[in-house]
Amino acid sequence: AAGVIQSPRHLIKEKRETATLKCYPIPRHDTVYWYQQGPGQDPQFLISFYEKMQSDKGSIPDRFSAQQFSDYHSELNMSSLELGDSALYFCASSILAQETQYFGPGTRLLVL
Amino acid sequence: GDSVTQMEGPVTLSEEAFLTINCTYTATGYPSLFWYVQYPGEGLQLLLKATKADDKGSNKGFEATYRKETTSFHLEKGSVQVSDSAVYFCALSDRGRGSTLGRLYFGRGTQLTVWP
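Keeping their order, the protein sequence lines are chains A and B. Take 687 as the starting number for the first sequence in my numbering and just add one per residue. Take 124 as the starting number for the second sequence in my numbering and just add one per residue.
Same shape as in the complex, but just chain A (with noise of 0.2 Å):
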């Protein structure tokens, strides 16, 4: 079965660079969430799209911005990078009408 698909799986950035995060979610699920994953931690929920519209919004710092298309597929702008921004970043799709997330295997960005 398709899964959730997200490039690139790794990525290095300086300090103060620029990062895209792609995320193809499975055919026909209509919704997208981010979720980041600190070395250690849980996962946190960053922001949640339907129908290209954002819809809710976590901890998601002010540099970063998202936006879902028309094929449904969504990205991760994250700007000014900082140490801290280390991590794994997580992409989930659904069907509106079913809770359940399906989960991307996750990009995993290092910022030196």
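Don't take every hint at face value.
Below, simulated BS3-like cross-link-like pairs (lysine-lysine); rule was C-alpha separation at most 27 Å, straight line [what the hints assert, rightly or not]:
#: 1; chain 1: B; residue 1: K200; chain 2: A; residue 2: K743
#: 2; chain 1: B; residue 1: K191; chain 2: B; residue 2: K172
#: 3; chain 1: B; residue 1: K179; chain 2: B; residue 2: K200
#: 4; chain 1: A; residue 1: K743; chain 2: A; residue 2: K699
#: 5; chain 1: B; residue 1: K175; chain 2: A; residue 2: K743
#: 6; chain 1: A; residue 1: K708; chain 2: A; residue 2: K743
Among chain A residues calculated to face chain B with C-beta under 10 Å, some are [claimed, not checked]:
#: 7; residue: Q692
#: 8; residue: T717
#: 9; residue: G726
#: 10; residue: Y736
#: 11; residue: F755
Since the hints were derived computationally from the structure, they do not count as laboratory data. Where a beta carbon is used, it is the ideal one built from N, C-alpha and C, also for glycine.
Following the hints, complete the assembly by docking chain B onto the known chain A.
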């Protein structure tokens, strides 16, 4: 606010031993509850879920029962295998209570290592 408290690890067991990982939650109303598993280098995989009180979720020999009276959702397996070695996360959804679509609140995760 919503939160999940999960038994701290690491947990080390011999193959065929009985597993329990405790999970309790704090939330208004009756959230849906989930267990996710994360194998080394991989993403989070849904293991099982329960959406209302007294529901039992089960998958791959793992079970968890939604206990409203104790606000718990403990994960159990009667006989673990080496291949069960992973990190296990308990989570709840605040759909319809704190958010529209439902954000997941996770516990800290429990590292399970099973030795042959």
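Now the hints, each set against the structure:
no.: 1; hint: B:K200 with A:K743; in the structure: 36 Å, violated
no.: 2; hint: B:K191 with B:K172; in the structure: 14 Å, holds
no.: 3; hint: B:K179 with B:K200; in the structure: 13 Å, holds
no.: 4; hint: A:K743 with A:K699; in the structure: 25 Å, holds
no.: 5; hint: B:K175 with A:K743; in the structure: 26 Å, holds
no.: 6; hint: A:K708 with A:K743; in the structure: 18 Å, holds
no.: 7; hint: Q692; in the structure: 8 Å, holds
no.: 8; hint: T717; in the structure: 6 Å, holds
no.: 9; hint: G726; in the structure: 8 Å, holds
no.: 10; hint: Y736; in the structure: 6 Å, holds
no.: 11; hint: F755; in the structure: 17 Å, violated
This entry does not satisfy hints 1 and 11, going by the numbered hints stated previously.
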